[in-house]
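Chemist: The lines below spell out each chain.
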Amino acid sequence: MARDKVILLVEDNPNDELLTLRALRKNKISNEIVVARDGAEALDYLFGTGKYAGRDLSVLPEFVLLDLRLPKIDGSEVLQRIRAAERTRLLPVVVLTSSDEERDIIESYNLGANSYICKPVDFNQFVDAVCQLGLYWLVLNKGLPKY
Amino acid sequence: MKGIKRLGLIALLLGVLLVLFMRVYDRRTYLEQQETVETYARVIASSLWNFETQAPTDYLTVAAAQQNYARVWITTAEGQEFVTVTPDNLRWLNGLFFSLHLIPCQEISADIEHRAEVIGRLTVTWCNLNIYTYGYLLLLMLLILVAGWFYLGTSQAKENLETRVKERTAELHRANRDLQESEQRYRTVFENTMLGMYRTTPAGEILMANPALVQMLGYASFEEIAQCNLEEGWYAPEYPRSKFKERMAKDGQVVDLKSHWIKADGSILFIMESARAIYDAAGDLLYYEGMVRDITEHEQLLTEIERRNVQLQAAAEVSRAASTLLMPEVLITRAVELIRTYFNFYYVGLFLVDQAGENAVLRAGTGEAGERMLVEGHQLEVGGNSMIGWCVEHGKPRIALDVGAEALRFDNPWLPETRSEMALPLLSREQWCIGAVTVQSMHAAAFSKADIAALQSMTDHLAIALENAWLHERVRRHADELEERVAERTAELTAVNRELESFSYSVSHDLRAPLRSIDGFSQVLLEDYQEQLDALGKDYLHRVRTAAQQMGRLISDLLRLSRTTRGEMHREEVNLSELVQKIAADLCRLQPARKVEFVIMPDLRAYCDGRLLQAVLENLLGNAWKFSAKHDRARIEFGLQAQDGERVYFVRDDGAGFNMAYADKLFGAFQRLHRMTEFEGNGVGLATVQRIIHRHGGRIWAESAVEKGATFYFTLSVQEEEQKGA
Numbered sequence: 001m002a003r004d005k006v007i008l009l010v011e012d013n014p015n016d017e018l019l020t021l022r023a024l025r026k027n028k029i030s031n032e033i034v035v036a037r038d039g040a041e042a043l044d045y046l047f048g049t050g051k052y053a054g055r056d057l058s059v060l061p062e063f064v065l066l067d068l069r070l071p072k073i074d075g076s077e078v079l080q081r082i083r084a085a086e087r088t089r090l091l092p093v094v095v096l097t098s099s100d101e102e103r104d105i106i107e108s109y110n111l112g113a114n115s116y117i118c119k120p121v122d123f124n125q126f127v128d129a130v131c132q133l134g135l136y137w138l139v140l141n142k143g144l145p146k147y
Numbered sequence: 001m002k003g004i005k006r007l008g009l010i011a012l013l014l015g016v017l018l019v020l021f022m023r024v025y026d027r028r029t030y031l032e033q034q035e036t037v038e039t040y041a042r043v044i045a046s047s048l049w050n051f052e053t054q055a056p057t058d059y060l061t062v063a064a065a066q067q068n069y070a071r072v073w074i075t076t077a078e079g080q081e082f083v084t085v086t087p088d089n090l091r092w093l094n095g096l097f098f099s100l101h102l103i104p105c106q107e108i109s110a111d112i113e114h115r116a117e118v119i120g121r122l123t124v125t126w127c128n129l130n131i132y133t134y135g136y137l138l139l140l141m142l143l144i145l146v147a148g149w150f151y152l153g154t155s156q157a158k159e160n161l162e163t164r165v166k167e168r169t170a171e172l173h174r175a176n177r178d179l180q181e182s183e184q185r186y187r188t189v190f191e192n193t194m195l196g197m198y199r200t201t202p203a204g205e206i207l208m209a210n211p212a213l214v215q216m217l218g219y220a221s222f223e224e225i226a227q228c229n230l231e232e233g234w235y236a237p238e239y240p241r242s243k244f245k246e247r248m249a250k251d252g253q254v255v256d257l258k259s260h261w262i263k264a265d266g267s268i269l270f271i272m273e274s275a276r277a278i279y280d281a282a283g284d285l286l287y288y289e290g291m292v293r294d295i296t297e298h299e300q301l302l303t304e305i306e307r308r309n310v311q312l313q314a315a316a317e318v319s320r321a322a323s324t325l326l327m328p329e330v331l332i333t334r335a336v337e338l339i340r341t342y343f344n345f346y347y348v349g350l351f352l353v354d355q356a357g358e359n360a361v362l363r364a365g366t367g368e369a370g371e372r373m374l375v376e377g378h379q380l381e382v383g384g385n386s387m388i389g390w391c392v393e394h395g396k397p398r399i400a401l402d403v404g405a406e407a408l409r410f411d412n413p414w415l416p417e418t419r420s421e422m423a424l425p426l427l428s429r430e431q432w433c434i435g436a437v438t439v440q441s442m443h444a445a446a447f448s449k450a451d452i453a454a455l456q457s458m459t460d461h462l463a464i465a466l467e468n469a470w471l472h473e474r475v476r477r478h479a480d481e482l483e484e485r486v487a488e489r490t491a492e493l494t495a496v497n498r499e500l501e502s503f504s505y506s507v508s509h510d511l512r513a514p515l516r517s518i519d520g521f522s523q524v525l526l527e528d529y530q531e532q533l534d535a536l537g538k539d540y541l542h543r544v545r546t547a548a549q550q551m552g553r554l555i556s557d558l559l560r561l562s563r564t565t566r567g568e569m570h571r572e573e574v575n576l577s578e579l580v581q582k583i584a585a586d587l588c589r590l591q592p593a594r595k596v597e598f599v600i601m602p603d604l605r606a607y608c609d610g611r612l613l614q615a616v617l618e619n620l621l622g623n624a625w626k627f628s629a630k631h632d633r634a635r636i637e638f639g640l641q642a643q644d645g646e647r648v649y650f651v652r653d654d655g656a657g658f659n660m661a662y663a664d665k666l667f668g669a670f671q672r673l674h675r676m677t678e679f680e681g682n683g684v685g686l687a688t689v690q691r692i693i694h695r696h697g698g699r700i701w702a703e704s705a706v707e708k709g710a711t712f713y714f715t716l717s718v719q720e721e722e723q724k725g726a
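If you read the protein sequences in the order shown, they are chains A and B. Read in order, the letters of the first sequence are residues 1 to 147 in the numbering used here. Read in order, the letters of the second sequence are residues 1 to 726 in the numbering used here.
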């Protein structure tokens, strides 16, 4: 898998972060994974502000794994901001959350989420889900041409 | 005249000619008959020979018949005479003509010989009424006619003249008599009629006035009335005589003119008169002649009717106000205003007794006086020295037709013009006096019995309306309170609901994350540290994982349970049979090794929320599948049966079943009737099912016996039934 492809993981729970990373690694996804621990950090990374000021903005993540319940700025707002900015308008965003509430699903799709995945409690299932997800977005999915 | 004369002359001439002709004709027939007689004589003579056997009369009869009209007789030698034969119908003519000697009788005789011996003589006398006879007759008639006509011609003229003179005379007599009679009749009418009759000159002088008129106007005699002049105040000022004269000049007559006349005593007489102008031959106006009817009673009746009308209208208006105005204050203000306006009273006010029952407080009053008193908080002591006070205390009306004479009265400084006053009680349904209405007039004795009755009925109505209005207000206040309470409760419930929702939301999010960590890191341990862990340690970790996963499922189920009670239902027509088929297919796919026969009644449709019903059927079929797992073969049924006219759906299996003693625990959340090791599950499924069925307005129950299988029955709402029916 191409090493230049970055994945942005937005996750505030360190356990989930660890498990997600483990799942990704277990599935041989070796891409650089940038972890943002709240919504604000995620936006900083994407728009080169705050901690990420001066970052080379030409590098856009291949896709974003976005939790919904986040400190500071929550997931749906992050999604909204991504869709509102011209540069990130078409960035694939996969909502990866514990919630299987209908309203969360509907709201996410309304805001322009590309996919919605409910994290299973069973770790094996979780690994499976992450594997398929990585495979799909990194390999199968034909993204926008790079400039 | 001339024509008739000429006709007469011609007739005369013709008659003469006819007579002359007949004379000649007669002569000839006479000779012929002579011969005939002789022949008869011979025949008879020969018959006489045999006289005994054959009566000569027979021959004579024949002879006479042939002569048609003759008198025949025979004188025999022995002097015997034989009777003649004469047609009866000619007898009178014979007599007539013979007696008039107009026709000479002809007589022909012949000897009757027998054997050359004269034995008798046959004599035939006849009056031949042949045509010449008619000629005579005609002539005679003509003569009579002409003579008569001449006679009549002269006498008629004379007679005509006489008759006409007589008739004329009679006519004159009659006319004279009629005139006298008419005069007499007029006189009688004039003297005796109830109608007033008069003749007056244009200048107003009274020429004639009949006794009725004299009496009508209250005078003693015609002489007295003759002193008056119509121009000088007989007509009341508002109905001047000039109006009468104008009409007269315009139309030549006056018809049904209504006026007021002033009587001898100065009082007013309502009259209706009709009159015409009488002119002399030269066309000069002589006098007016008129008839007068006293319509005082009629007018009074009209006025009374009008008053009644007003009362009725007022009553209707008050009733309308009473039935439409539900605000007591508005109602009473409107009511007093209506009464004052319709009855044209000076002042109308309404008092209501205060809560302590000590004072009657003015609550509405008309005009400026009313406003002032309302501002001042005007009130009168119940039972105190006022008409209102008395009225309220006794619950009876009090009427003062002359306020000066009423001792029990509050002399109101704001109402100085009051001359008569009445206080009418406002009686509730239970005959409680809740207040009183005061009605005041500027005229003395202003209230008739009818007025009082009308007003009392109006106040009765008003009192009840007031009670209703109060009642309504109370009900409205209650309703408002209730609504407020409902709103509060709704707000509370909404808040609780919101909390619940955010709770389950949190559960969904936050309870799962740690479980995932527990499970995840246990797995990490198993994977990364399997060298360091012995079999027991691994077993423990497996147990940790199992427990975590079970709790994860439990959370999911709980969330689903709570979701079934939230959110809107979307009812639509759902093919339950198809749903069952799909679920059955899924179950078979998951455990293809099992031998389960599904018996599904086809095409059962229900009006329900498809998503929720799917959850129901998944649960019920899943249970049936699960609890029949221990049998080699199983049979699962889905169908519909009618029970007391209700559509009852059922899911039946022939599996493990349960003890009916625990049937009541079946649908409680986390209630399980089997051990976890027997059949897995967390006891949330049937609770969810029951909630969904209840949300549809239906019922669910089950029948079973241990190892005999179980049947779950459920109904959907009446609404569903109706939808199916439609």
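Among the hints, a few may not be true.
Said to hold, decoys possible - Result set (DSS-like, lysine-lysine): computed pairs, CA atoms no more than 30 Å apart in a straight line: (1) K665(B) / K26(A); (2) K28(A) / K665(B); (3) K708(B) / K665(B); (4) K5(A) / K142(A).
Note that these hints are calculated values from the structure, not bench results.
Chemist: Which hints from the list above does the structure break, by number from lowest to highest?
Modeler: Of the numbered hints given earlier, those the structure breaks are 1 and 2, listed in rising order.
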